Amino acid sequence: MSTAVGSSVKRGAAKRSVTERLGGREGLVGWSILLVLVLIAIAAPLLAPHDPETIDSARIFTGPSTAHPFGTDDLGRDVLSRVLYAFRVTLSIAVGSVLLAMLIGLPIGILAGYVGGWTDLVLMRGIDLLLAFPALLLAISLIAILGQGALVALLAIAIIYVPIMARVVRSSVLVVRGQAYVTGARARGASHWAIIKGHVLPNSIGPALVQASVLMAFAIIIEAALSFLGLGSQPPTPELGLMLAEGHNYLKQAPWVEIFPGLAIAITVLAFNLVGDGLRRSFDPHEVTR
Amino acid sequence: MVKKLSDQPQAPPLLQVQGLVKHFPVRRGVFGRGAVVHAVESVDFVVNRGEVVSLVGESGSGKTTVGRCITGMTEPTAGTIRFEGQDIAGNSRTARDSFRRRVQPVFQDPRSSLDPRWTIERTIGEPLNAYRIGNPEQRSARVRELMDMVGLPTYLAQRRPQELSGGQQQRVAIAAALALEPDLIVADEPVSALDVSVQAQILNLLSELRSRLGLALLFIAHDLSVVEHLSDRVAVMYLGRIVETGPVKEVYHRSRHPYTKALIEAIPRPDPTQVMSANRLTGEIPSPVNPPSGCRFHPRCPVAIDRCSTDDPAPTVFGMRHTAACHVAAMQFAAESHSQPAKDPR
Amino acid sequence: MTITGALLELRNVSVDYVGRNGSVSAVQDVCLSLSEGETFGLVGESGCGKTTLSMALMGLLPETAKVTGEILFRGADLTIMSESDRRELRGDQIGMVFQDPATSLDPTFSIGSQVAETLRAHRKMSRKQAKARALELLIEVGIPAAETRYTDPPHRLSGGMRQRVVIAAALANDPVLLLADEPTTALDVTIQAQILDLLAGLQKKHHTTNLLVAHDLGIVAQVCDRVAVMYAGQLVEVAPVAQLFADPQHPYTRALMDALPTATHAAGALRVIKGQVPDLADPPSGCRFKDRCPHRMAECEQLPPLAESANGSQVACWLHPATRAAAGRQPLASISLTKGGEKVV
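Heads up: the sequence lines are chains A, B and C, in that order.
When you line the first sequence up against our numbering, it's residues 918 to 1207, in that order.
When you line the second sequence up against our numbering, it's residues 91 to 436, in that order.
When you line the third sequence up against our numbering, it's residues 233 to 577, in that order.
Heads up, a few of these hints could be off.
[Claimed, not checked] Estimated spans, in silico, between C-beta atoms of each pair:
hint	chain 1	residue 1	chain 2	residue 2	range
1	A	P1051	C	M313	52 to 60 Å
2	A	P1119	B	R186	43 to 51 Å
3	B	Q248	C	A565	41 to 49 Å
4	C	A557	B	V365	53 to 61 Å
[To be verified] If you only want the chain B side, here are some residues facing chain C, beta carbon under 7 Å, derived:
hint	residue
5	R249
6	N294
7	V316
8	H319
9	I354
10	R359
11	L371
12	E374
13	P376
14	V379
15	P382
[Unchecked claim] Chain C side only, calculated, beta carbon under 7 Å to chain B, not exhaustive:
hint	residue
16	A353
17	M357
18	A501
Since the hints were derived computationally from the structure, they do not count as laboratory data.
It should be emphasised that the depicted structure is a prediction, and the values quoted were computed from it without experimental measurement.
Just so it is clear, CB atoms sit at the ideal spot from N, CA and C, and this is done for glycine as well.
With the hints as constraints, model all of the structure from the sequences given.
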């Protein structure tokens, strides 16, 4: 059994195909969807058939047609154009919040896990405190202080995520720190910084990245929830959560106003989740050896 | 050639460990009152230049902790570790750093002692980078020299550990340990994760490096048959103490301590005609949190007398550098020497 | 010991792990038979297929493993048996002891209840009866103060004691076959000796047939009646234990014995087997040891059949007259099995 794995390693690990590195078929599909969505967000001004914020009282709630494939909303704005533009805000918040959370959470997790002892105890109790706070309440109180808007929503989500990130990183750092190659590197004169940079970070970043992609998916949902509550992006900004919030009042009358942003959210969340699964597979040492 | 400086009394030994003690606090919860694990309790031994000394014992004997104290992975609670006569603890940082370069560890499981994301070249070159030895070309040449020294084909330089067999992985670990040209290698169970045929290769490599480079080796192992093959001297540990030490042949064939005897008898011999002795050590190694009073081995000892549960036996000298800490053995030896005039055992 | 006939017979058993990138031939064409009452050793280095083979006997291989050939237990072919029938056999007629006592017991249940559960899984028994019997078993395997320890969770026991509990559970239903896969590898030497004694004593008392999977030739030499040596998925030699150690027939067996660090050749360098175990995802044709064998010949490209020689051992090697005769070939002019491998540093 062990050779079954052990021997094929020699060939398998030598040259992993791009598909394998991205985490197999699921990962590939996830990354592809994500790439398309990012391209859409960037090229939104070129792709959008209409201006997303132009109000046209003559075209309120027209159903999907060739001129307006996704129909128009309560103010006669083109839903397709709004969806295309909405990816900009939605993806920025999803990626931005998680990057910010990583920027803060990663050093905390590494410090706590690598140094250990009192440093760990103090940092992690602080993190626990943050974690003990209900997430949405935390976000709402932050918004109450700083005011509403997309940027504040991003900040709020990042703060919710910092403790999650720090915990994930710490636990994988703890595993790596216990490996003999870390002790060995110490004995061979490597500095702490060299060990963190060379051994600890590369070997513990995997779980953090997996977590990051899942958190990005959740960020979209949180963002949508905040917008729905009127706490996220403010009209008339085209933003998927906000569109969902607005559209839900006209669900019977003009379902397309609701359906298309909802579908866009679903696809984005799915893409992030697929990427997460792919990363998990790509970083899992058992999968690596296959 | 093996350099034997041990006969010259004026030169201090390469490594001298005296009264080494290591206690680990075990904390129960964050604010809980701790118990203490008496992992190592007053251990003395010497390793001379070019000599192979083995620390043997079962799990919980403290042998690994001794190794970790010497390689600087953990701070001893008490005692001194002298390297060429200099106390490493009392030294400045730079002196300790230079000591660290000269004592290198090799670990049991090559899979965990090599970073899976690093190429073989980077792993072997890590110590050269850490000490900024030479320029990149020189380092790369040195890595290839080291690979050659441990019998690794240089085309493996750009591979990663998981593409290598267990034996090759252990060769990489040994090459990395040799990079800084150490005087002493502390090898903790370097072959116990390997198959028999690969084990033989690594043992041969270690013994060849020892004679070629004049390396001293502190070999930490549970497998007595492996130790017997490689070592000059052996120290048997039980529950944090060295119970018997001496030249390998003496300890194996004229063991004095009942624990050493039991340990040797318990090895299943790969020869069906040599039936295992029916003498079995009963019970199990006690917890080092509450070690037994007197001789630590007395609750399991087949020959224990009353005195053993109260008096901690001091090491008795049985011959050239052969000592054992046992009341009963000392009494027997005294009786033997009494009946026949003392002879040099050699 | 009474040997009355084959309890277990393996006919041309092969196991392949089929994966996305091709398959791995873990066991190839193994023929074996175990007589009732004997202790049979299955030895080899890691990756030789010994564990895969024992898992195939138990029917515990993953879905990706494809088993061919026949595995006859008291004449019934296990490979075509329904899963529910096999489950009936496991833990009842066939008991198992695994390598790591730390993971083979459930940490959330008391040691006593785990033995009792094994009993109740196969026998109609009240809880009370099961408890009483489980306690008897714990006493039998030498758990001190078994009555008070009955309710202890596994982590309160040492490794050796846990392995005793595992053995108690394996013997609970009076199995005819006890399969022990590296039962003492995780234990210290002095504890290992205790467990080996226990297994031998229990066998004498319960008249089980023991199949011991091990890598340690010392254990095999001390415990087994007959031994099968595996290399890279192939069975290379089967012999009575005294025969195997006194006069190994296959070059691999010979080389393996020479690599052992024992006092007999403590002086010089140990003999090693040059090269490496072949990649079983792309195994060499014929004898899989040929690339490392000092006696390699052209005929090694064909798979040598395992054949019984005059002295009662079976060997699969073209050097050997028995193998040659079985394949209808002339014996070689002279064979002398020189010391195994070459000296390699």
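Structure-inconsistent hints, enumerated in ascending order: 2, 4, 5, 9, 13, 14, 15, 16 and 17
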